[in-house]
Amino acid sequence: MDFLRPETLAEALELKASMPDAVPIAGGTDVMVELNYDHRRPSALLDLTRIPELQQWSDGLRVGAGVPYVRIIDELGAQLPGLAMASRTVGSPQIRNRGTVGGNLGAASPAGDTHPVLLASDAVIEVASVRGTRMIPAADFYLGVKRNALEQDELIVAVHLAPAKGPQQFSKVGTRNAMVIAVCSFAISLFPEENRVGAAVGSAAPTPRRALEAEEFLASALDFKAPKPLLDSVKREFGELVSQAASPIDDVRGSAAYRKHALAVMARRTLGWAWQQLVDGEKACA
Amino acid sequence: MRVNVTVNGEQRQADDVWEGESLLFLLRERLGLPGSKNACEQGECGSCTVYMDNVPVCACLVAAGQAQDRDVRTVEGLADGDALDPVQEAFVEAGAVQCGFCTPGLVVAAHDLLDRVPSPSDPEIREALAGNLCRCTGYEKILDAVRLAASRR
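The listed protein sequences correspond, in order, to chains A and B.
With the working numbering applied, the first sequence has no gaps in its numbers, which climb one by one up to 286 at the end.
With the working numbering applied, the second sequence has no gaps in its numbers, which climb one by one up to 1153 at the end.
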């Protein structure tokens, strides 16, 4: 096995092009588990932790794929409240000190905590290879269980995510507060200026996915310009439509029926919280 | 491969390190520092918690090669000679050690908490220690120990 330690992105892309089997490693919170348990023996590890460009963000926002969750929580919470909330539910302090959104995207687990937020907030994934750069909307990034749109010679470079234009909320069901893989999760982003919402479910289908009918329903049912208290009937219908968007399975973490039920509950609650923030005139704050 | 890393203030070197090996294996099996414990090997239990560049991490999830040129501080590096760190002292006095296997990781996690938050609330202590499992389930005494250490700072 080779251990490759590029110091620039250009160098990393050259290495990935010449050794497409090399497994990128940043926080190691997924990759090292597979190595420790003999589930994977790649020909090479491509260490991305020495590339400064991946550890930074710039206005807009363009968040480097290697920014650890703890920095998103501590430093980007005001601009990206939904992503910060989801990041706070990842693993434990030790995991959040190392784990990255880039890693979440690379693993592309249907249960990854940040995926619903990225979908609900119109995130765009920047990937690069020696052939050039591609901008992939989050909705086109997840192709199947642990499969994403990356080509073999590509690396995830950054996530483009506009600062929140309205309240954002995230909710996750697990058996305890720390160190749990989501039984199911849900994210909602309000775009009051555009009279619409983004809504997405996690851990409830082969990929994270948007709840498009639920989004359309709220866009038509709600008045974003003069927000009034939510009707229970609107919350219930929204919850139902979110639940219908999912196609969960029975597994060790929960049954399909439970997941459908829990999604409807999370959708109602998070909509209630987000809408209240709007009514109160608050800009979302993590 | 060869790995050069600063451990507890000392420049250390290890040869013939396997490229897929963890920092935990490097510390325990090659550098003779068995304080960090090897239990779950998947980041669930926190028994291998060490500082890397002043940030607590699970050593089992850091590839040994990623520690090249980094600064690692293990539980062995907390005491000042024979004088225990106040967190270690508090664990002894509060009876926070049962079988002792989770203790090194908890001591490092608690040490980091008190560095960042000198007078933590109970929820802050629980959150900071959420990544460390004690299977003797002695959590109450562990919380006592952290409160005691905080009160002495």
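What the hints contain is simulated information worked out from the structure, not anything from laboratory work.
Ideal Cβ positions, reconstructed from N, Cα and C, are used throughout, including at glycine.
You may find that some hints are simply not true.
Looking from chain B toward chain A, a few residues come up when the C-beta cut is under 10 Å (computed) [claimed, not checked]: (1) GLU1021; (2) GLU1044; (3) MET1052; (4) VAL1057; (5) CYS1058; (6) GLY1105; (7) LEU1113; (8) ALA1130; (9) ASP1144; (10) LEU1148.
Going through the hints against the structure:
no.: 1; hint: GLU1021; result: 8 Å, holds
no.: 2; hint: GLU1044; result: 6 Å, holds
no.: 3; hint: MET1052; result: 9 Å, holds
no.: 4; hint: VAL1057; result: 5 Å, holds
no.: 5; hint: CYS1058; result: 5 Å, holds
no.: 6; hint: GLY1105; result: 9 Å, holds
no.: 7; hint: LEU1113; result: 9 Å, holds
no.: 8; hint: ALA1130; result: 3 Å, holds
no.: 9; hint: ASP1144; result: 20 Å, violated
no.: 10; hint: LEU1148; result: 21 Å, violated
In the structure shown, a violation is registered for the earlier hints numbered 9 and 10, in ascending order.
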